[in-house]
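Let the hints inform the model, and build the full structure from the sequences given.
Listed in order, the protein sequences are those of chains A and B.
Those letters in the first sequence? Residues 631 to 729, per my numbering, in order.
Those letters in the second sequence? Residues 631 to 729, per my numbering, in order.
If you're looking for bench data, these hints aren't it; they were derived computationally from the structure.
Keep in mind that the hints are not guaranteed to be accurate.
Where chains are identical, the list cannot tell them apart; a pair therefore holds if satisfied intra-copy or between any two copies.
As the list claims (entries may be wrong) - Distance condition first, Cα-Cα at most 25 Å in a straight line; then the derived BS3-like pairs of lysine-lysine:
| # | residue 1 | residue 2 |
| --- | --- | --- |
| 1 | 679 | 632 |
| 2 | 712 | 678 |
| 3 | 638 | 712 |
| 4 | 712 | 723 |
| 5 | 678 | 723 |
| 6 | 678 | 643 |
| 7 | 723 | 653 |
Protein chains: 2
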Amino acid sequence: MKQLEIFKALSNKTRLEILLWLKDPAASFPEQVHAGFEVGVCVGEIQKKAGLTQSTVSEYLSILQRAGLVSSTRVGQWTYYKRNEETFVELSKIIESDI
Amino acid sequence: MKQLEIFKALSNKTRLEILLWLKDPAASFPEQVHAGFEVGVCVGEIQKKAGLTQSTVSEYLSILQRAGLVSSTRVGQWTYYKRNEETFVELSKIIESDI
DNA sequence: GAGTTATATCGGGAAAAACCGATATAATCA
DNA sequence: TGATTATATCGGTTTTTCCCGATATAACTC
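Written as structure tokens, this is what we have:
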């Protein structure tokens, strides 16, 4: 686990918000109709809510993914992102003991 | 607690190292003779070990302090910095539940 | 096939962070 | 008092991050 990369990923207001939204997708993205939330939330919905351009949000999601904080699943023309909870648990332990 | 400020403070290799060194000052700073380690470690010792300029290290320590990760005590002409463990505990909890 | 929709990537301008050297401040000591 | 030592702050250059518009890719639809 690359702590520095994780902390950099968490050092942005919008990226922190995205992670929070993904914690409760049903509440945060009432408009998503294409799929259940098991696979996550598609980029377009996240982008609308973030209020930034599509390219920026796509970039942010890939930063979060490289840090291991989210994972993605492609379904047809959509890419769904969801939290990777194991990384959060690991991170919490790392802060308790390794930092 | 301002999460964003904390994550930014943790988004730098040298600052992460400083925090690690301050975890075991006796092992990390064998040369410090001016005081016991209860008050912390003085800027000069940290600077030598970091290998950056005095101004940079002083700046880094104040970033860590603004984030609540360390605290400082002035004794004579020295400023001693030590970890603020409560913030780490809080942060770990925040990651478990609030992020 | 061509047209449409969703996402990723690329190139770049603006803002922030990473450092530095020089200088200021504060404490000590002769 | 002046000289010395430790730290903080200030001004500036380089590097990184932020965020955009334009373009590329991939899947779907007709």
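Let me make sure I understand: some of the numbered hints might not hold for this structure. Which ones are they, in numerical order? 5
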